[in-house]
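> Here is what each chain is made of, one letter per residue.
There are 2 protein chains.
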Amino acid sequence: MSDMTSAAEAPRSPGRPRSSRADEAIVEATLDLLAEGSTIEALSIEAIAARAGVGKATIYRRWPGKDALLLDALRRLKGVLPNPAGHSVRDDLVLLVGAVGHNIDPRAAKIMPCLVPEVNRSPDHFRLYQNIIAPRRQLMREVLRRGVRLGELRADLDIEVAMALLTGPMLMQRMLRWHPELDDVLLPDRIVDGVLDGIRAR
Amino acid sequence: MSDMTSAAEAPRSPGRPRSSRADEAIVEATLDLLAEGSTIEALSIEAIAARAGVGKATIYRRWPGKDALLLDALRRLKGVLPNPAGHSVRDDLVLLVGAVGHNIDPRAAKIMPCLVPEVNRSPDHFRLYQNIIAPRRQLMREVLRRGVRLGELRADLDIEVAMALLTGPMLMQRMLRWHPELDDVLLPDRIVDGVLDGIRAR
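Sequences listed follow chains Z and V, in order.
Residues 1 to 202 (full-length UniProt numbering) are what the first sequence spells out, left to right.
Residues 1 to 202 (full-length UniProt numbering) are what the second sequence spells out, left to right.
No lab work stands behind these hints, which were simulated from the structure alone.
As the structure is a prediction and not an experimental result, all values here were calculated from the model.
It is possible that some hints are incorrect.
[Unchecked claim] Output of the computed footprint for chain V on chain Z, the stretches with three or more beta carbons under 8 Å from beta carbons of chain V:
(1) 117-124
(2) 154-163
(3) 174-181
(4) 186-200
[As the list claims (entries may be wrong)] Partial pick of chain Z residues on the chain V-facing surface, computed with a CB cut under 10 Å:
(5) R137
(6) L144
(7) V148
(8) L166
(9) T167
[Claimed, not checked] Here are the simulated DSS-like cross-link-like pairs (lysine-lysine), alpha carbons at most 27 Å apart as the crow flies:
(10) Z/K56 with Z/K66
(11) V/K110 with V/K66
(12) V/K110 with Z/K110
(13) V/K110 with V/K56
(14) Z/K66 with V/K110
(15) Z/K110 with Z/K66
(16) Z/K110 with V/K66
(17) Z/K110 with Z/K56
(18) V/K66 with V/K56
Idealized CB from N, CA, C, for every residue including glycine.
Bound-form chain Z, shown alone:
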């Protein structure tokens, strides 16, 4: 699973040209600066250009602005979009829940938790965060809709609440090792089965 592949998977910013060595250097410089503790607020196109050894114009030829570059760079941390097999709704949900908050790039462990205060401070960063997760959220929405259509999930299902139930616990666990006694490897199965079957006695 190479970064090239993941970039190819992620929806591109409008007008972004085919990837190149310069693209790579710019995205890597962006992620390095964030992993070294730069806030999104403080991160400047100047600093990224200097770190990547390119001119600012080279960046602006490829991305309309900082947020578009950040979106490509932060999505890169997550790797390729998961690819549900489309047979069992349960198995597809386990795959997607297992991918929640998962990153292939070790820099994510330094970068992602630091986004929380920034997303709270700024509506722009809130939109950026929503855009980072949008493709994965859409994948899960489609699996849940398929489950309703096929009669595997309740006809009155509230898709947005169901997504929150499935992804919230996994995100908290990845972000904070929140319930230390839960086994992260088994957790996706346990979350999906818990949400499918419910906890009420029958």
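We have chain Z; now place chain V onto it with these hints.
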């Protein structure tokens, strides 16, 4: 709901004397410094003492150290522990889920998101975070155990997974306005009913 009450509700640090005007000034100074952007790492007993207008010895007479003071101060943000009525397991869970990530003190909106990076950086801050939430987590554990005992919840219920399903979505919503389309006021009922009944068609 006064801060005094909330301090009285929260388990005290060992050897902490009865609350006093100096206690209040010290706790308020701690929360003010955090709300103004001081990290937990950077926060010093010296700075707290100076801000509170007391000597360091006054702080050390009341708290064994910085973490014990932080625990009292950060719990103070949350106010009194919720008090489940003990009639309906569902209603008690709605009350407890509604209290998840809820704070009575406006400084919490500045302080709490900034804990996420710090909890990730430091095992001490991770323990601090676990200690902040421990009393509320224990309350929910007791309600779930009661539900199993009374036969309202499945006999094979995994209490820790159930708590993660109930609290994860609410925490994410409070921390990040994560699913902007979800109504925070209705969310506790929808989370509890979703987790009780499950999403599988019957």
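> Does each hint fit the structure? Answer for all of them.
Verification of the supplied hints:
1. 117-124: holds (count 3)
2. 154-163: holds (count 8)
3. 174-181: holds (count 7)
4. 186-200: It holds: at least three residues are needed, and the region 186-200 of chain Z offers 10 whose Cβ sits within less than 8 Å of chain V.
5. R137: Given a least distance of 9 Å, the restraint on Z/R137 holds.
6. L144: Constraint on Z/L144 satisfied, holds at 8 Å.
7. V148: Holds, because the Cβ-Cβ distance from Z/V148 to chain V comes to roughly 8 Å (cut-off 10 Å).
8. L166: holds, 9 Å
9. T167: holds, 8 Å
10. Z/K56 with Z/K66: holds, 11 Å
11. V/K110 with V/K66: Roughly 20 Å between the alpha carbons, so the hint for V/K110 and V/K66 holds.
12. V/K110 with Z/K110: Cα-Cα ~20 Å, so holds.
13. V/K110 with V/K56: holds, 26 Å
14. Z/K66 with V/K110: Cα-Cα ~25 Å, so holds.
15. Z/K110 with Z/K66: At roughly 20 Å apart (the allowed maximum being 27 Å), Z/K66 and Z/K110 satisfy the hint.
16. Z/K110 with V/K66: holds, 25 Å
17. Z/K110 with Z/K56: holds, 26 Å
18. V/K66 with V/K56: Roughly 11 Å separates the two Cα atoms, so the pair holds.
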